Amino acid sequence: MTLIDRTRAVIDKRQVLWTLVVRDLRVRYSRSILGYVWTVLDPLLMSSIYFVVFVFIFKSGKVGQQPYFLFLVIGLLSWQWFSGSLTDTSRALLADAKLIRSTNLPREIWVVRVVIAKGVEYVLSLPVLAAFTLFYALQGKVHFNLGLLLFPVGLVMEFVLLIGLGLLLAPITALVTDMARVIKIVLRMLFYLTPVLYAGNRIPAPYDKAVWLNPMTGVLEMLRAGFFDQPVVRGPVILGAVVTVALLFVGAFTFSRLERSVLKEI
Amino acid sequence: MSAVISVDDLGIEFFRSRRRRMSMREMLFHRKRTHSTETFWALRNISFTVKEGEAVGLVGGNGGGKSTLLKMIAGVLLPDEGAVSVAQGVAPLIELTGGFVGELSARDNVYLQAGLHGMGKDEIDERFESIVDFAGPQVRAALDTPFRHFSSGMQVRLGFSVITALDEPIILVDEVLAVGDKAFREKCYKRMESLLEGGRTLFLVSHSEAELLRFSTRGLYLRSGELAMDGAMADVLAQYNADAAETGK
Numbered sequence: 444m445t446l447i448d449r450t451r452a453v454i455d456k457r458q459v460l461w462t463l464v465v466r467d468l469r470v471r472y473s474r475s476i477l478g479y480v481w482t483v484l485d486p487l488l489m490s491s492i493y494f495v496v497f498v499f500i501f502k503s504g505k506v507g508q509q510p511y512f513l514f515l516v517i518g519l520l521s522w523q524w525f526s527g528s529l530t531d532t533s534r535a536l537l538a539d540a541k542l543i544r545s546t547n548l549p550r551e552i553w554v555v556r557v558v559i560a561k562g563v564e565y566v567l568s569l570p571v572l573a574a575f576t577l578f579y580a581l582q583g584k585v586h587f588n589l590g591l592l593l594f595p596v597g598l599v600m601e602f603v604l605l606i607g608l609g610l611l612l613a614p615i616t617a618l619v620t621d622m623a624r625v626i627k628i629v630l631r632m633l634f635y636l637t638p639v640l641y642a643g644n645r646i647p648a649p650y651d652k653a654v655w656l657n658p659m660t661g662v663l664e665m666l667r668a669g670f671f672d673q674p675v676v677r678g679p680v681i682l683g684a685v686v687t688v689a690l691l692f693v694g695a696f697t698f699s700r701l702e703r704s705v706l707k708e709i
Numbered sequence: 065m066s067a068v069i070s071v072d073d074l075g076i077e078f079f080r081s082r083r084r085r086m087s088m089r090e091m092l093f094h095r096k097r098t099h100s101t102e103t104f105w106a107l108r109n110i111s112f113t114v115k116e117g118e119a120v121g122l123v124g125g126n127g128g129g130k131s132t133l134l135k136m137i138a139g140v141l142l143p144d145e146g147a148v149s150v151a152q153g154v155a156p157l158i159e160l161t162g163g164f165v166g167e168l169s170a171r172d173n174v175y176l177q178a179g180l181h182g183m184g185k186d187e188i189d190e191r192f193e194s195i196v197d198f199a200g201p202q203v204r205a206a207l208d209t210p211f212r213h214f215s216s217g218m219q220v221r222l223g224f225s226v227i228t229a230l231d232e233p234i235i236l237v238d239e240v241l242a243v244g245d246k247a248f249r250e251k252c253y254k255r256m257e258s259l260l261e262g263g264r265t266l267f268l269v270s271h272s273e274a275e276l277l278r279f280s281t282r283g284l285y286l287r288s289g290e291l292a293m294d295g296a297m298a299d300v301l302a303q304y305n306a307d308a309a310e311t312g313k
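First to last, the protein sequences are chains S and W.
Throughout the first sequence, residue numbering follows the numbering used here, covering 444 to 709 in sequence.
Throughout the second sequence, residue numbering follows the numbering used here, covering 65 to 313 in sequence.
Please note: incorrect hints may appear among the correct ones.
Claimed, not checked - If we take Cβ atoms under 10 Å as the criterion, some of the chain S residues that face chain W in the derived model are:
#, residue
1, V465
2, D621
3, V676
Unchecked claim - Calculated pairs, EDC-like style, for lysine to aspartate or glutamate (alpha carbon to alpha carbon, straight line, at most 20 Å):
#, chain 1, residue 1, chain 2, residue 2
4, S, K707, W, D307
5, W, K115, W, E261
6, S, K707, W, D144
What the hints assert, rightly or not - Residues of chain S placed beyond 12 Å of chain W at every Cβ, according to the derived structure:
#, residue
7, D448
8, I454
9, V483
10, Y493
11, F494
12, S526
13, K541
14, G562
15, A580
16, L581
17, K584
18, L591
19, P595
20, I615
21, T620
22, T637
Honestly, the hints are just simulated from the structure, not real lab data.
Computed from a predicted model, the values in this text were never measured in an experiment.
We put the beta carbon where it would ideally sit given N, CA and C, even for glycine.
Next up, chain S with everything else stripped away, as it sits in the complex (with noise of 0.2 Å):
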């Protein structure tokens, strides 16, 4: 089974996976004393943008659970995770074209380690979660359940779907010159067919089941599950893992299949 084996070879070099990560991770944080304060604050301007938008010019503060600010500190931060990832892996085998012509790796090493330094990043940002968590929680606005064990579920889910979306948008991108425009374009419009901004159970039916084909939909599900008094809808979870997983296996054939030739174009 190929994609056993490429796992395997990629675990084995987990030195050099990690010496890549330290590497994005000092570079990024080099650049400006800034670095962390950057990764953070997007997200939450983006919460107060909507916020303001939502509670106070359209009065629907309804549209997700509450509190509301707390719902969308959740969605955003994780969705920047999801953004930021695709845009960079999708771009991971141009942009290290150099090391890629110089050093034998398994080529699955460069997404695999934007999605770990990006998850890095992730994982950086949620003591701020904590904190909001804290603030609202101290006003009994925090309805903390079980769920909280989903958590890490969908940390775990929403990290494999990067690894398969990843393997299969890097060789495709680095073969077509233009995609990384209809990335970027497909992400915008993804991110309001996401429940980000709002709860799943908004959408009139039947689209919203439409929309649990969108794995981002069941992590999202997962991730605010233990936070607030709506019980999970496990629909979109359970179909969610099951796209995750058929990505994996296409990421995982593409990528194999495009790698002789991504090798000769870049």
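Add chain W to chain S, keeping to what the hints say.
Just chain W now, kept in the frame of chain S:
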């Protein structure tokens, strides 16, 4: 002695136009592929083996497939036909400064580059001083400045120094056997010689007859994608020169 590199009926095919980049816009609106589909075999039907400790020089004209062959042995290109198997670790002197990041200090870059080629942190710690020593006093003085402030000469010197410090039994060289100024070039040659005496296997691509004769004993001659000759370095060079004189007429 066992074979450490074995190349079996190797072939690789490229597109005639150098880039085959496709564009979504054109695929959608013109309903055609935006690249020519004409291909050619850069290398075909290549078979040979290299034994442990051999020093092989690869000669041939431009576009003869030398670098392509080397890249396939290094594992950074994959063959379309046949197979390459390399039994031991490889230190590739190809694109020496490719792995360096301009933003990071030279010190961080040494750790990064050596790490990418599989050296553990302890090993790098141990060899760090000798790597920097070899790269020269200019590099040592600038160890903690960002790598992009280095002159290109200093960059390749550090690159050469890191790769040759790798403890790999096979060394692949793509026309970067010696880099930097005259004094440093001699240092490079000396290091190469000491590595060869240590029993390393060398696979060298070069246009310099002096280098080829100095370092390799066996020669391979690639002519328009085919292995035209495999023999003693001096004989292969003689044949290559005769061919070159023929086409030069």
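For each hint, the structure was consulted:
1. V465: Result: holds, 8 Å to nearest chain W Cβ.
2. D621: With Cβ-Cβ at 5 Å, under 10 Å, it holds.
3. V676: violated (35 Å)
4. S:K707 to W:D307: With Cα atoms ~29 Å apart, K707 of chain S and D307 of chain W exceed 20 Å; violated.
5. W:K115 to W:E261: Status holds; Cα separation ~15 Å.
6. S:K707 to W:D144: Holds, at about 11 Å.
7. D448: Holds, because the least Cβ-Cβ distance between D448 of chain S and chain W comes to about 15 Å, which exceeds 12 Å.
8. I454: holds (14 Å)
9. V483: Non-interface label on V483 of chain S holds, nearest chain W Cβ at 22 Å vs cutoff 12 Å.
10. Y493: holds (31 Å)
11. F494: Correct as stated: the minimum Cβ-Cβ distance to chain W is 36 Å, above 12 Å.
12. S526: holds (20 Å)
13. K541: Label violated. Min Cβ-Cβ 4 Å, cutoff 12 Å.
14. G562: Since the minimum Cβ distance to chain W is about 20 Å, G562 of chain S lies beyond 12 Å and the statement holds.
15. A580: With a cut-off of 12 Å, A580 of chain S remains clear of chain W, as the shortest Cβ separation is near 41 Å.
16. L581: holds (42 Å)
17. K584: holds (43 Å)
18. L591: The claim holds: L591 of chain S sits with its nearest Cβ about 37 Å from chain W, beyond 12 Å.
19. P595: The claim stands: P595 of chain S keeps its Cβ more than 12 Å from every Cβ of chain W (closest is about 29 Å).
20. I615: Violated, because the least Cβ-Cβ distance between I615 of chain S and chain W comes to about 10 Å, which does not exceed 12 Å.
21. T620: violated (5 Å)
22. T637: holds (23 Å)
Going down the numbered hints, you'll see the structure goes against 3, 4, 13, 20 and 21, while the others check out.
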